[in-house]
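Undergrad: Sequences are here, hints too, so could you generate the full structure?
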Amino acid sequence: MKRRGGFTLVEILVALAIVAIALAAGMRALAQATDTASALKARTLALWVAQNRLAAAQIASPWPAPGNYSGAAQQAGAQFVWQANVTTTPNSAFRKFEITVAEPHSPDYTLARLVGFLGNPAPHR
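Mapping the sequence shown onto my numbering, position 58 (from 1) lands on 647, and the numbers just tick up by one.
Just so you know, these hints were derived from the structure itself, not from any lab. Be careful, since some hints might not be right.
Said to hold, decoys possible - In the SDA-like style, the derived pairs of lysine to any residue whose C-alpha atoms are separated by at most 20 Å in a straight line are:
#, residue 1, residue 2
1, 685, 657
2, 685, 641
3, 685, 646
4, 685, 708
5, 630, 618
6, 685, 644
7, 630, 662
8, 685, 709
9, 685, 658
10, 630, 663
11, 630, 698
12, 630, 694
13, 685, 656
14, 685, 637
15, 685, 705
16, 630, 661
17, 685, 674
18, 630, 692
19, 685, 701
20, 685, 636
21, 630, 693
22, 630, 697
23, 630, 689
24, 630, 668
25, 630, 696
26, 630, 667
27, 630, 700
28, 685, 710
29, 630, 619
30, 630, 666
31, 685, 654
32, 685, 675
33, 630, 641
34, 685, 672
35, 630, 699
36, 685, 649
37, 630, 691
Stated by the list, open to error - FRET-style restraints, in silico, Cβ to Cβ:
#, residue 1, residue 2, range
38, 625, 694, 18 to 26 Å
39, 597, 667, 53 to 61 Å
40, 601, 702, 51 to 59 Å
Just so it is clear, CB atoms sit at the ideal spot from N, CA and C, and this is done for glycine as well.
TA: Encoded structure:
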């Protein structure tokens with residue numbers, strides 16, 4: 590008996606299984622890349638919120654008193670919550686300003702943390 594050209598049913602099923610596995614792996618890699626891009630965007634926006642809070646504290650009058658502060662902010666349409674801890678330093682002309690930023694639905698997961706030092710804006714004599 591002479592065999593005709595072409596593939597058997599088993600060969601076609603094996604080829605389809607290999608293609609399905611490859612496509613599933615590709616889709617998973619694409620989904621992970623999308624998640625990574627979204628997380629990077631959220632962290633970047635959160636850092637901008639922290640930098641804005643530090644800048645606002647630098648120009649604030651009167652000088653921020655030591656203590657804990659919190660609030661909400663919006664950056665590029667995204668909502669964030671922030672907490673700031675102002676503490677004294679060994680040099681009385683400076684204060685340590687530590688800011689953490691998170692999303693409102695998961696405030697315990699810090700997206701950005703920024704530490705800065707504020708100089709006393711009072712004129713030096």
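Undergrad: Let me make sure I understand: some of the numbered hints might not hold for this structure. Which ones are they, in numerical order?
TA: none
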